[in-house]
Amino acid sequence: MSATAFRQVTQDRSLYVPAGLFLVLLCAVAFRGQGLFTNNGLAGAILVATPLILTALAITPIVMAGRGAVDLSVGPLMGFVNVTLITWLVGNGITHPVAIIAWAVGLGAAFQLVQALVIIYVRVAPIIVTLSGFLVLSGVNLMVMSRPGGVAPDWMLSWGAGTSVFSPVLLLLLGAFAIWGVLRGTMFYRNLRMTGADERMAYTSGVQVDVVRIIAHMVGGVFAGLAALSYTALISSGDPTQGSTYTLQAVTALVLGGASLSGGRGGALGSTLGAINMFLISYLLSTFNFGTVSGFVTQMAFGLILVGSLLVNVFVISRRTVA
Amino acid sequence: MGSEITVRMIDVAKAFGETRALKKCDFEARAGEVHAIVGENGSGKSTMAKIMSGVLHPDAGKVTILGEKVASPVDAKRVGLTTIFQEVLVADEASVFENLYVGRDGVFRSQSTGDRRTEAAEILARLVGKSVDLDQLAGSLPLSIKQWIVIARAILRKPQVLILDESSAALDLDSTLRLHAEIDRLRAEGATILIVTHRIAELVRIADRATILRDGITVGTLGKDEITEENLLSMMTPADRRASDATEYASRKKALEAPLILTATGLAAHRSARLFDFDLPKGSIVGVAGLDGQGQDAFIRALAGIIQPFGGEVKVRSVDTDKMVPLRSLDDAANLGVSYVSGDRKREGIFPQQSIFENLAIGVYRKKLGPLGVIRKPTLKPMFKREVDRLRIKIGSPSNRITSLSGGNQQKVLIGRAFANDPQVILLNDPARGVDLGTKRDLYRELRLFAEKGGSVIYLSSEIEEFIGFADRVDVFFGGTLFRSLTGEEIAEAPILAAMFGKARDASVDFDLERTA
Ligand SMILES: Nc1ncnc2c1ncn2[C@@H]1O[C@H](COP(=O)(O)OP(=O)(O)OP(=O)(O)O)[C@@H](O)[C@H]1O
Ligand SMILES: [Mg+2]
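Residue numbers (my numbering), protein chains in the order written: chain A, 283 to 605; chain B, 2 to 518.
Rather than coming from a laboratory, the hints here were simulated on the basis of the structure.
The C-beta atom is built at its ideal place from N, Cα and C for all residues, glycine as well.
Possibly wrong hints are sitting among the right ones.
[To be verified] These stretches of chain B come out as covered by chain A in the derived footprint (C-beta under 8 Å, 3 or more residues):
{"id": "1", "segment": "103–113"}
{"id": "2", "segment": "224–234"}
[Claimed, not checked] Sample of chain A residues lacking proximity to chain B, with all beta carbon distances greater than 10 Å (derived):
{"id": "3", "residue": "L308"}
{"id": "4", "residue": "F416"}
{"id": "5", "residue": "V422"}
{"id": "6", "residue": "G457"}
{"id": "7", "residue": "M469"}
{"id": "8", "residue": "L566"}
{"id": "9", "residue": "A583"}
Okay, chain A solo, but in the shape it has when bound:
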């Protein structure tokens, strides 16, 4: 798998910056201290970074489908799955793993299906639809659960222990990669790229752009469900308030990973790299002592590195010769 990833990085120019940044950050982290490269350190890192990686993956196919369809609802959607899981399922004694996983994945996909249908058939700009989704779900989450609380099912408690690298959380992540890997091998991936790159061309050439868009959303929904599971494992409870943070971070990760918000360009590898880079940045900053302002410093660093990597992309890598 890492061999194919390596080949992708060398072939796809949009991955140069995120991959470069990844290497730089890795060196910096190694230089600042060894904490990350121990069994416990890595296990904890996977636990903390997985929800962000999965939310970034959740918006990737949707953004790739074009029309400027950045899915803002992804954070609150993850929160929605989280709070309903704790309140409605666990609260009513339903704790079987199959039921929990099916609920998470099914709810994510169903919500995205609704959004896709509205975008396609009501012909509203996607960003408006997902913004509404964001607002509605943010409210609904607080109605389902007014303050953080509840407990995750027993079997999930051990997931969040963070003592082993090969935890079930890692399995969630690998499961998501596997789904993406299978899709990448089908025609769907190419249809998705072409739809995002030029929808009119794709449509007139006989691509079923509506079907492609619906599937892109539903795949995103499945990833959002997996993200919610990893998030629930991380906090071992329900929290109705964290959704909006995740939306903004996922979009940042996506752009850091080299995807184009106007569609057609992007992929799981880039988004994953973007999310990992964000994790590394905050990890790196936490090794310095910024005291009470450390949260602000981290946000500022995200912003600066985002701008910086876009500039490098524009001026160094994708500079086209004027024909």
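Got chain A sorted already, so can you dock chain B with the ligands onto it with the hints?
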């Protein structure tokens, strides 16, 4: 064989809001024929093509393709109808290969049989005349190659019915011949080919029949022997606004003796090309010709300040100081009164999200600023009306989006934009792409008037017959450099052609082009 009806439209109508693009359209085409659809800009040809392809749905009437109804592009693909649309639809972010096979497969499953890459490489090499790297991004390619990609995409589908909506408009002479060879091949295999074109010479050469559209109504069908310029024109245009006659102007040697308004020295289109000089006398019309990629395109864009030439310098006489001032950027061009009209309207012409009015007036905003830098819109209205009338642009409301206009009318808006600037030099880079014959003649007349009033014109065209009786001098490019300047008697088909192929002055060109008759 070869005579059953494959495409049939009965009483078809289609309106966009107030605009009735098609009013009553009846049409029939047979297997094994090349059937042309002819009409003025905005007469409804592209609308007809889109209805046949299932992209648009008719308001009334019946359409059958190979006996079936086509309600979407997916249906069209299934029955074997392929359309090359007027807008060159290429995804810039995707590779050439992906662009060639877009839409060929199901949502998940590939319909692939055989080796697509070899097939694609072969067909592109045959069409373009040289091999094209399948893995490069399409966005970096020139318009003519993009046009070939779209054509190759269609041919790779082995269509039963092929519609070409002005697909030769971006191609040079040599390429047009290769396209015709391809069309001949498909016709011989029994396909139905529908072509939309404003190039009469092309029609006469290749069409078996022609159906004429006027203002959304099909007014008749001509057989092979009846397809002549007069017949077409008289059917296309209502008698009351028939286009001005094809006036042939004498090439004015005198105009070439006027003082120079623009000079270029030591230019080269690319690093290895021979350096050349160029000059433009005030009040003259200089034509620029050449096969695709011989440097003429880069040359005219360098004059406009869009790109930097490899070395050399462009100078223009300043209106204020009467001195020659260097032109290095778009800003210099605007200050020195140099206007540019591009034939690649999608990439360097229109603002697709803006209104027709904005698109035409944008260039003059900076001259019409009131206090506080606010644009004084009312002062622009008369100018807008003048240009719309002069070029007979067929528009609904000026506040509609420019993309609601037919292709030819969009092009006219760009030409209007250049005139609206009151420039002293107009550079036209194949401006008549997709513009109908009547308007072309109007355009020549307007440019002539402009030149007689002291304006200067550089006119690049891919159709050499456009220069004859119009240009005072024709500069032909070959091998990245100015190969030969022709004046007077030499402005005729044979000498221009010879120069385009890099031949000596009196060599004859051994194949007959377009005007075989
Ligand atoms: N999407 C649209 N919205 C509004 N009006 C439209 C639209 N598409 C076409 N029209 C109008 O319909 C008429 C016919 O347009 P069409 O594109 O079929 O002309 P055409 O014959 O192809 O012209 P050209 O030679 O310039 O390409 C024009 O008046 C045009 O303005
Ligand atoms: Mg048209």
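Results of checking the hints against the structure:
For the segment 103–113 of chain B, the stated coverage by chain A holds: 9 residues have a C-beta nearer than 8 Å to a C-beta of that chain, and at least 3 were required. Residue count for the segment 224–234 of chain B with a Cβ under 8 Å from a Cβ of chain A: 0. That is fewer than the three needed, and the coverage hint is violated. Remark: the non-interface label on A:L308 is consistent with the geometry, its nearest Cβ contact in chain B lying 30 Å away (cut-off 10 Å). Once the 10 Å rule is applied to beta carbons, A:F416 is consistent with being away from chain B; the minimum gap is 26 Å.
For A:V422, the condition that its CB be more than 10 Å from all CB atoms of chain B holds, with the nearest at approximately 32 Å. Interface exclusion of A:G457 from chain B stands, the closest Cβ pair being 20 Å apart, more than 10 Å. Not every beta carbon of chain B lies more than 10 Å from that of A:M469, the smallest distance being close to 4 Å; the non-interface claim is violated. With 10 Å as the threshold on Cβ separation, the claim that A:L566 sits away from chain B holds: the shortest Cβ distance comes to roughly 33 Å.
Every CB of chain B is more than 10 Å from the CB of A:A583 (nearest about 30 Å), matching its label as outside the interface.
In terms of the numbered hints stated before, the structure departs from hints 2 and 7, listed from lowest to highest.
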